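Build the full structure now, drawing on both the sequences and the hints.
Each chain, written out:
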Amino acid sequence: MTLDNKKRDRIVAGVLILLGLLIILTPWYIFPICEIAEKSGNMQMASGSGNDMNMNSSTHMTCWYTAEAETGTGALAILAGLVLLAWPNRESRRSLGIITIGLGVVTILFPTYLIGTCTSPDSACNIGTKPALIILGVLTVITGIYLVLARDKSPVASA
Amino acid sequence: MLGLIVKNIIRRPVRNGALILSFAFIAASLFSGSYLLAGASDSVKSGISRLGANIIVVPQNDTAESENVLLRGEPSTFFFDNSVVPQIENVSGVEEVEPQIFVATLAASCCSLPVQIIAIDPSRDFTITPWLTKNQEKPLGMDEIIVGSKIPGDVGASLTFYGHSFTIAGKLEPTGTGIDTSVFVRTQDAYVMAEESKEKALVPIEIPQGVVSAVLVRVSDPRDAANVSYRIMNQIPGTRVLTTSTLVSTVADQLAGTIRIMNLLALVATLVSLPLIALISVMGANERRREIGVLRALGATRTKIFQLIIGESVAIAAIGGILGIAVSWIILVMFQSYIAILTRIPLAIPSAGSFLSIAGTAFIITVVVGGLAALYPAWRSALMEPYEAIRSGEL
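Protein chains in written order, with my numbering: chain C, 1 to 159; chain X, 1 to 395.
Hints are computed from structural coordinates only; laboratory data are not their basis.
Given the structure is predicted, the values throughout are model-derived calculations rather than measurements.
Don't take each hint at face value.
[To be verified] From the derived model, a few chain C residues whose C-beta atoms are all more than 12 Å from chain X:
no. : residue
1   : 14
2   : 65
3   : 109
4   : 115
5   : 134
6   : 138
[To be verified] Derived lysine-lysine pairs resembling DSS-like cross-links, with alpha carbons at most 30 Å apart:
no. : chain 1 : residue 1 : chain 2 : residue 2
7   : X       : 7         : C       : 6
8   : C       : 7         : X       : 134
9   : X       : 134       : X       : 171
10  : X       : 7         : X       : 304
11  : X       : 45        : X       : 134
12  : X       : 200       : X       : 171
[As the list claims (entries may be wrong)] Computed, partial: chain C to chain X, Cβ under 10 Å:
no. : residue
13  : 131
14  : 135
15  : 150
We treat Cβ as the ideally placed atom computed from N, Cα and C, and that holds for glycine.
So this is what it looks like as structure tokens:
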């Protein structure tokens, strides 16, 4: 049994939407950033820095801004998935593929370079959130590359 | 024949994809358990070898605390009388001893969590001084400290503990153990810091005179370490010894639950997927009766058909095995610190040798499971008569 174009596009769109959801949920719920991890206290680990030092009522720790940025990136990945569902043709596959690669790259760059995470290597954002976002970013890039390279298959599919 | 196997696998992407995933799961569960154990034991070994000691003598009542200091980097303060030092020196088989004092700081300015200060005597030290001479060829000076890899700050930066300012003279390589969150100072500087803390620090610290927290022992013959530790415990009451092997077994005990779950998962995955894989192979063989018949009619022997079916299953298992091992390895490496904190064990990346043996074992077991699952369908297909096979395949 092989997959026809329509089925394949649905699966890829589903994967994109799932990745987008995971990118949004990871810093807040799945591998929470320092401030969230501290509040819930579900893991005894070092916070990025002392509450009194890097945080006060108006500012947040660095990882907080990464989490906010990733929420936007995740939302865009979901949008890309929805667009693929709505217009599943070769052109949209290509262009969405390139956008998806870009989204994957910024997913990786936010915690590692563009915004960063807290200074302490043992902080919740460094040991959980960052590696999880890097893995999700790599998966998003792979999905994008697949979309760009995916060839239109002939409608005749062997069982 | 290899080409035929590859073609057959590519022709059924969904079914073979599912099979590859179940083999990947088996390989991943087998690999992860052993990897964690090897990573933990390598971490303990590198931590102890960093200390340069064969045996660490600690107060009997504080065994758990001292294990926490060394294995988990949970700082602690404990002492016993330094009269044990000459007694340990006199035990036969002991070559060198080094007394150390362990002091846990309160949250210091550098770090959000307490730090373990380890006071050493440079004249007797065989832990840090050799490392220092190797790395920068100068002994530890006044108010100079050597810090573990997880202490923020570069060489030359200053750190303040209890109001006393120190300069970082060196940074140790990561070990995954408590040494990564430790700060080594000279004993005399530690006493000055304690004295000054009464005026400078909010909460002063007291280090009584004439105490030690741990005595690091180097034995003349490392193979005799077990006997020497037995003699120390026998001759000097109130002491406990920690050796690499006791620490490794402590960690292994702690990991036992996790590893049992991993192995159970692998077993369940094998038990569930073995009949499933066999069933899918039987179905596949039934669907391909005609193909097999044609192959037989073209002159393929029974052995060839048998090899073809087994070969396919083994190839699928091999792909799944490599995939499972690779994915779980990437996850284990990336989430190393997370796993270490969650399971409360020291964790390092295992050496290349142990990695290869763990990955190899998981891979071989997965491939053998793949071969076993295909035995029955392969045997059935091989026994088919060409004419019967082609005819029944047409129906």
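Original post:
Which hints, by number, does the structure contradict?
Top reply: 5, 6, 8, 15
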